[in-house]
Amino acid sequence: MRWFQSQWLPVLAVFLMVPAMPAAAAEAYVKIISPADGARLDAMDLAKLVYEVRPGPKGDHIHVYVDGKEVGILQRLKGSYALEPLSPGQHSLCIKVVNKAHVPIGVEQCVKARVE
Amino acid sequence: MVTENLAYALTQVLHNFGAVTVVGGAAFALWAPALPSGREAQLARLVTLGWAVQIASGVGFGGVSYYYYGQFPDIHGVAVAALTTKVACAAAGLALALLLQLRGERWNEGRRKLSWRALALLGATALFAAAFLRWFS
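So the protein lines, in turn, are chains F and W.
Numbered according to our numbering, the first sequence spans residues 1 to 116.
Numbered according to our numbering, the second sequence spans residues 1 to 137.
Just to be clear, a hint being listed does not mean it is correct.
Okay, the calculated beta carbon distance ranges per label pair [as the list claims (entries may be wrong)]:
1. F:M44 x W:F17: 43 to 49 Å
2. F:K78 x W:P33: 46 to 52 Å
3. F:E116 x W:N16: 48 to 54 Å
Computed footprint of chain F on chain W, listed as stretches where at least three residues anywhere in the stretch have a Cβ under 8 Å from a Cβ of chain F [to be verified]:
4. 75-87
5. 116-128
By construction, these hints were calculated from the structure, which means they are not laboratory data.
Heads up, the beta-carbon is just placed ideally off N, CA and C, and yes, glycines get one too.
Can you make the complete structure from the sequences, with help from the hints?
Set out below in structure tokens:
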């Protein structure tokens, strides 16, 4: 008790600093490794989305979108996701981090790919 | 972050208590020993309040999302079907509970029993749909 009375200020400082540290360390991002933006895909090949995600403190899980329509949920933070066959033409492929209520939190990346 | 989680959590608290009230209230009316008619009307009032809380807190989830991110939850497919089911159950449950509260005393026992069964079924269906809404998107 006596120790706490003399040391309460440093203890309080540590408690106040602790929540700030993980937030800074866990900056959220989405990286679509493949296909590259503007890539041309063969309609006969199985299109795969290769990605890496860090959801950050506000994120909970990850949604995948093709042309603005959600097509799946990513279970892993790093890996690949096989897309359903895409029709020929230009397509927008997006990965968005969402919170527990399925609301996109603004951490996302989109690429455009042309299927031929 | 903390206020956002707090807002979602408090909305969830209301939603959970609303769910307990609508299902528990109807179940109690069905399986408890015969209630005096005044008590039954009180129970109907409680269930009406429960459905109103369900609707308000359900709208609240959307409101919290919109306040913090400027958009509503991004749900598709099974989740949309589950949400539609919940909304339909809540609208029907609120209307039926209100009718039971206001006119139930003039109804015969068979009709009241049928209403409580329907309310229990609506509550259980909404709970069932809630699980699908939570885990699908």
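Results for each hint:
1. F:M44 x W:F17: 43 to 49 Å: 55 Å Cβ-Cβ, so the 43 to 49 Å window is violated.
2. F:K78 x W:P33: 46 to 52 Å: 59 Å, violated
3. F:E116 x W:N16: 48 to 54 Å: 52 Å, holds
4. 75-87: holds (count 4)
5. 116-128: Result for this restraint: violated, n = 0.
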